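S.K.: Protein chains in written order, with my numbering: chain A, 1 to 59; chain B, 60 to 520.
Be aware that one or more of the hints could be misleading.
Stated by the list, open to error - Label-pair distances were calculated between CB atoms; the ranges are:
hint: 1; chain 1: A; residue 1: 23; chain 2: B; residue 2: 92; range: 47 to 57 Å
hint: 2; chain 1: A; residue 1: 31; chain 2: B; residue 2: 378; range: 24 to 34 Å
hint: 3; chain 1: A; residue 1: 10; chain 2: B; residue 2: 81; range: 42 to 52 Å
hint: 4; chain 1: B; residue 1: 328; chain 2: A; residue 2: 2; range: 15 to 25 Å
hint: 5; chain 1: B; residue 1: 412; chain 2: A; residue 2: 56; range: 31 to 41 Å
hint: 6; chain 1: B; residue 1: 512; chain 2: A; residue 2: 55; range: 29 to 39 Å
hint: 7; chain 1: B; residue 1: 92; chain 2: A; residue 2: 48; range: 29 to 39 Å
hint: 8; chain 1: B; residue 1: 117; chain 2: A; residue 2: 17; range: 52 to 62 Å
hint: 9; chain 1: B; residue 1: 416; chain 2: A; residue 2: 2; range: 46 to 56 Å
hint: 10; chain 1: B; residue 1: 377; chain 2: A; residue 2: 2; range: 22 to 32 Å
hint: 11; chain 1: B; residue 1: 82; chain 2: A; residue 2: 10; range: 43 to 53 Å
hint: 12; chain 1: A; residue 1: 23; chain 2: B; residue 2: 93; range: 34 to 44 Å
Said to hold, decoys possible - Facing chain B, from chain A, some residues (calculated, C-beta under 10 Å):
hint: 13; residue: 1
hint: 14; residue: 15
hint: 15; residue: 21
hint: 16; residue: 22
hint: 17; residue: 24
hint: 18; residue: 25
hint: 19; residue: 33
hint: 20; residue: 45
hint: 21; residue: 50
hint: 22; residue: 51
hint: 23; residue: 53
hint: 24; residue: 56
No lab work stands behind these hints: they were computed from the structure.
Since the model is a prediction, treat every value here as computed from it, not as a measurement.
Just so you know, even glycine gets a beta-carbon here, dropped at the ideal spot from N, CA and C.
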Amino acid sequence: MKDWKALAAALGATITEPERVIPVLESLEAGFRPLTKNIPHDVEPPLTFRPFRKPEADQ
Amino acid sequence: MTILQAAAALRAGKTTSRKLTEEAFARIRALNPRLNAFLTLMEETAAVQAARADDELSIGIDRGPLHGIPVAVKDVFETHGIRTTCGSKLFASYVPERDAAVVEKLHAAGAVLTGKTSMHELAFGITSNNPHFGPVRNPWNPEHIPGGSSGGSGAAVASRMVFMAMGSDTGGSIRVPAAYCGCVGLKPTFGRVSRYGVMPLDFTLDHMGPLTRSVRDAAVVLEAIAGPDPRDETCAAEPPGPCVPEENPSLEGLRVGWPENYYFDRVAPEMEQAARQAAEACGRAGAEIVPVRMPDLNAYNLVARVIVQSEAAALMERYLDRRELFGADVLALLEQGRLLSATDYLNAQRLRRMMQREFHGIWNHCDCLLTPCTPTGAPRLGATTIAVGPEEEDVRLASTRLVRAVNLLGLPALSAPCGFTAQRLPLGIQIIGQAFEEALVLRVGQAIEHRLQLKLKPPVA
């Protein structure tokens with residue numbers, strides 16, 4: 001189990017209503033963490049970076 | 060009256076855009092004090108646009124079915140010279156110097172923009188119970204929520220204030236208010252409609268689409284607002300084809316998927332019954348109803364929530380030292396998002412890729428899916444939980460658990476009315492299609508609408 005208050009403090013943040021924030025994070029963590037164990041190494045996130053092309057007039 | 064009926068009346072000389080617009084503002088003035096559907100009215104500019112629309116039609120300039128039709132946009136769409144709050148105190152006096160791409164396209168189509176609709180704060184919630192601008196109320200029962208985050212758009216369309224209102228949908232925010240308010244909501248494919256000039260909640264999950272009184276009206280609007288836009292690099296290059304279905308379309312040869320698991324595991328019996336009526340309507344139109352096994356959509360929802368909260372927190376982090384400017388529910392979501400790691404976010408996006416491939420296999424068995432949009436009718440205003448059968452569930456999680464995965468996958472989905480609860484609150488059916496197959500989704504929705512012939516005039520209208 002993560003110490004969310006300590007994590008927030010380390011980030012220089014505070015948790016305004018811990019009773020509202022922490023249980024949700026813990027249930028998210030419990031459901032999400034196991035899913036991450038079986039991702040094949042070659043699966044990339046669907047986030048695409050495209051470099052700008054040189055403008056036609058400059059070529 | 061629908062957009063298509065009003066368009067026919069305009070061209071037959073039976074009404075004018077000035078008259079339609081005056082009627083719209085009369086209804087807004089009468090109903091908005093009870094519903095709070097509008098945040099900002101644009102009466103002066105609307106009158107000018109209506110007069111121009113009439114003048115153009117009189118000399119043969121016809122911009123298409125939206126020409127002269129009074130519409131509205133959620134207050135997340137930037138409007139040149141008109142404040143755009145995003146339902147937030149942070150932007151209460153923000154006046155953009157540009158129009159969103161969708162607003163530009165509505166103007167080009169000749170629509171008359173009446174104003175900006177109310178919404179959940181920052182589009183980050185499902186109730187539209189806004190702590191800064193007041194709660195939006197459901198025209199079927201003002202003690203109930205209209206859904207959100209496009210709650211004002213749902214209430215404005217359902218109560219006949221305007222013919223169409225634009226919404227945005229990151230985890231159900233078009234489809235849920237459409238279902239709770241008894242109107243049609245279309246979330247197009249990711250990339251179908253430009254996001255340029257829309258105040259973002261999430262870079263990779265935000266979708267723009269219309270809420271309307273009929274399925275064919277939703278198609279008319281999609282044809283007007285879709286298409287490429289170099290200012291939004293996620294926007295698809297190819298323009299959409301025609302997608303307005305026939306009045307009574309045939310579904311011969313179509314396989315409509317009926318989920319064997321997940322979607323009906325925890326829904327109110329009246330919701331299941333209404334969904335079955337919609338499936339029977341598809342069958343009468345010629346479709347084959349085929350059972351389909353769904354993947355673990357609870358996992359899809361978890362992954363979507365990690366992405367939503369991470370991206371929203373990244374966007375809003377610069378404002379998080381001004382806590383007094385946020386509502387408690389939105390602040391909690393943003394604080395949660397800030398504590399998720401970059402590793403978690405990237406792994407959620409990698410899982411999204413895997414889920415996209417997994418879900419795509421469903422299309423080997425069917426052409427579209429028919430599911431409930433929400434487990435129940437609209438929850439009561441102020442409630443934090445809602446009874447779903449014998450269980451109590453969190454309102455936000457319950458309202459979104461049947462719609463959120465579609466945002467993760469970027470697929471088109473339509474919410475259309477399919478029945479009522481015992482308390483006479485509307486229920487919506489969700490039709491999910493393959494990417495860029497809006498025309499098919501709309502055809503199935505029209506087949507259901509035509510055969511069910513529901514009476515959809517709410518008490519506050």
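S.K.: Determine for every hint whether it applies to the structure shown.
M.R.: Here is what the structure says about each hint:
1. Between residue 23 of chain A and residue 92 of chain B the beta carbon distance is about 38 Å. The supplied range of 47 to 57 Å is therefore violated.
2. Residue 31 of chain A and residue 378 of chain B have their C-beta atoms about 29 Å apart, which keeps the hinted 24 to 34 Å range intact.
3. Between residue 10 of chain A and residue 81 of chain B, the C-beta spacing of about 60 Å breaks the proposed range 42 to 52 Å.
4. At roughly 40 Å, the beta-carbon separation of residue 328 of chain B and residue 2 of chain A lies outside the given 15 to 25 Å, and the hint is violated.
5. In this structure, residue 412 of chain B and residue 56 of chain A meet the distance hint of 31 to 41 Å, their C-beta atoms being roughly 34 Å apart.
6. As the Cβ distance of residue 512 of chain B to residue 55 of chain A is approximately 57 Å, the hint placing it in 29 to 39 Å is violated.
7. At roughly 47 Å, the beta-carbon separation of residue 92 of chain B and residue 48 of chain A lies outside the given 29 to 39 Å, and the hint is violated.
8. Remark: the range hint 52 to 62 Å for residue 117 of chain B to residue 17 of chain A is upheld by a beta-carbon distance near 59 Å.
9. For the hinted restraint 46 to 56 Å between residue 416 of chain B and residue 2 of chain A, the CB-CB distance of approximately 30 Å leaves it violated.
10. Between residue 377 of chain B and residue 2 of chain A the Cβ separation comes to about 25 Å, which falls inside the hinted range of 22 to 32 Å.
11. Between residue 82 of chain B and residue 10 of chain A, the C-beta spacing of about 59 Å breaks the proposed range 43 to 53 Å.
12. At about 36 Å, the CB distance of residue 23 of chain A to residue 93 of chain B agrees with the hint of 34 to 44 Å.
13. For residue 1 of chain A, the suggested interface contact is broken, since its CB lies about 13 Å from the closest CB of chain B, more than 10 Å.
14. A least Cβ separation of about 6 Å between residue 15 of chain A and chain B falls short of the 10 Å threshold, and the interface hint therefore holds.
15. Checking residue 21 of chain A against chain B by beta carbon gives a least distance of about 5 Å; that is within 10 Å, so the hint holds.
16. Residue-level restraint check for residue 22 of chain A holds (minimum Cβ-Cβ distance to chain B is 9 Å; threshold 10 Å).
17. For residue 24 of chain A, the shortest C-beta to C-beta distance to chain B is roughly 6 Å, which falls under 10 Å, so the interface hint holds.
18. Residue-level restraint check for residue 25 of chain A holds (minimum Cβ-Cβ distance to chain B is 5 Å; threshold 10 Å).
19. The interface hint given for residue 33 of chain A holds, since its Cβ lies 9 Å from the closest Cβ of chain B, which is under the 10 Å cut-off.
20. A hinted interface residue such as residue 45 of chain A counts as satisfied when its beta carbon comes closer than 10 Å to some beta carbon of chain B; here the least separation is about 3 Å, so the hint holds.
21. Because the closest C-beta pair between residue 50 of chain A and chain B is about 7 Å apart, less than 10 Å, the hint holds.
22. The interface hint given for residue 51 of chain A is broken, as the beta carbon of that residue sits about 12 Å from the closest beta carbon of chain B, more than 10 Å.
23. Given the 10 Å rule on beta carbons, the hint for residue 53 of chain A is violated: about 13 Å separates it from the nearest Cβ of chain B.
24. Hint on residue 56 of chain A is violated. Least Cβ distance to chain B is approximately 15 Å, over the 10 Å limit.
Going down the numbered hints, you'll see the structure goes against 1, 3, 4, 6, 7, 9, 11, 13, 22, 23 and 24, while the others check out.
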